[in-house]
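Engineer: Let the hints inform the model, and build the full structure from the sequences given.
Residues per chain, in single letters:
Number of protein chains: 2
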Amino acid sequence: MADLTLTTYDWVPPPPRGYVRDLRVRWALEEAALPYRVVSTPFNDRGPAHLAHQPFGQVPWLTDGDISIFESGAILLHLGQRNPELMPSDPRGRSEAAEWVFAALNSVEMASLPWTMSKFMKHPTDTAAWKFVDDFLKLRLKHLEPVLAAREWLAGSFSVADILMADVLRVVDGFDGLADSLACRAYVARATSRPAFAKAHADQMAHFAAADPARGM
Amino acid sequence: MADLTLTTYDWVPPPPRGYVRDLRVRWALEEAALPYRVVSTPFNDRGPAHLAHQPFGQVPWLTDGDISIFESGAILLHLGQRNPELMPSDPRGRSEAAEWVFAALNSVEMASLPWTMSKFMKHPTDTAAWKFVDDFLKLRLKHLEPVLAAREWLAGSFSVADILMADVLRVVDGFDGLADSLACRAYVARATSRPAFAKAHADQMAHFAAADPARGM
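Protein chains in written order, with this note's numbering: chain A, -7 to 209; chain B, -7 to 209.
What the hints contain is simulated information worked out from the structure, not anything from laboratory work.
Everything numeric in this text was worked out from a predicted model, so none of it was measured.
Treat the hints loosely; a few may be bogus.
Since copy identity is lost for identical chains, a pair holds within one copy or between any two.
In silico DSBU-like cross-links for lysine-lysine, where the CA-CA straight-line distance does not exceed 30 Å [unchecked claim]:
hint: 1; residue 1: Lys111; residue 2: Lys123
hint: 2; residue 1: Lys134; residue 2: Lys111
hint: 3; residue 1: Lys111; residue 2: Lys191
hint: 4; residue 1: Lys130; residue 2: Lys111
Structural biologist: And the structure:
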C-alpha cells in the first residue's frame, strides 16, 4: 500500500477528543505498522471539497493512492483485506472478521449510540424513550457477554473487528455501562492496552490540542 | 456459488412483516438470480443452535457451502463480492459500493432506527430526546438528498448498497419521514419497483403467513 493519507478535522472541542473516529483508522494503521500522513479539514467550514470525500460532512476519510474511502467500517475492511496483521487471510477467517465488523457497528453501536448520546446530553431517564434505549443496549450486551467470555478476540486472532468493537464498547464503559458485563469490560481493557491504541489515542489528542492556541484556548 | 441457504424466523407477528431483514438477502439473491433455499428457526425459542449462527438471537443468517454468515450487511457484501450483478468488479467501483453499504447502515440507519422505533412505539414528541432523534435523522437526509438527486444508484450501477439504503429509507417513508426529501423518496420508489424486490417482499409475506394457522391466526 502506498501513499495512505488520513483526513480528520483540524480541531474539535474538548469533549469528543479521544473519541473522534479517525482514532479507529489510526489504530489499524499503527497495528499494521503502515506509513501514513494525517491531514486536516476545517471543523467549522464543511464545504464542497469536504462533501466530495465524505457526503455527510463527517470524518474520517482515507485516500489510498487514487481511491478515497469514507466510513470507518469501510476503511477498516479495506485495510484488513490488504494486511494480514489486521484480518485473517483464509476465506472462513475473513468472513468471520467481516461479520463481526458489521456486528460491532450494526448490532452493538446501533444500540450503544442512542444510549451514549442520551448520557452525554443528560436526557431524563424516567421516560419510556429512555427505557427503550437502555433495554436495547442491555439486550445486546447480554448476548455479547458469553461471546467475549469465551474468546480473546472476535475472529480467531486480533483483527479490525476488535478495533471497532472495543472502540464502541469503551464509550459505554466511560459512562459505566459495562458494570454488569465483566467480560466486555475485560475485553475493552485488553484491547486498549495494546501499544497501537495508546499511540493512536495520544496522536489524536495531540492533533486537536495543537490547534487550540490559534483559537485562543 | 453452491448450496445457499437463508435462515429466518418460522413466524413473526404481523407488524414487522415485510420488514424482517431476511428481505434484504432475498432481494439480493433474486437480483442475481441465484438459487437458494429458505429454512426457519423458531421465533419464540432462540436456543443454542440459533445463537451458534447468530449470537444476538436475530435473523437472518446465510450459509454458503461450509461458511455461515450473520449480519445483513456482511451477507450482502459477501454476495456482492462474488456476483457482478450485485457490485461493480473493478477496485474503485467495489470500494465505492462497500463504503455506501456502510453509509446506509452506519450513517443513515444509525439515525433512522431510533426515529422509526420512536414512531412505532408512539413515544411522546415534546421531549428533548425526541428532538435529538428527529434532528439527527433530518441532518442525515439533508446530506443524502443532493447525492440521490444527482445519481440513479449509489455506486455507478445498481448494487447491494442500494438494497440496503432503499430498505433503510422505505421504513422512514412508511412513517412519512421523506416528505421534505423528494430525491430520497423517488429513489425508494425506483428501487422498490424492481421485480426482485417485489418477489422478495411477496415471498417474505407468504413465508410468515403460512405459519399463522398453526398459531390459530
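Engineer: For each hint, tell me whether it holds in the structure or not.
Structural biologist: So, going through the hints one by one against the coordinates:
| no. | hint | result |
| --- | --- | --- |
| 1 | Lys111 to Lys123 | both (13 Å within a copy, 15 Å between copies) |
| 2 | Lys134 to Lys111 | both (20 Å within a copy, 26 Å between copies) |
| 3 | Lys111 to Lys191 | within (28 Å within a copy, 43 Å between copies) |
| 4 | Lys130 to Lys111 | both (15 Å within a copy, 21 Å between copies) |
The structure agrees with every numbered hint stated previously.
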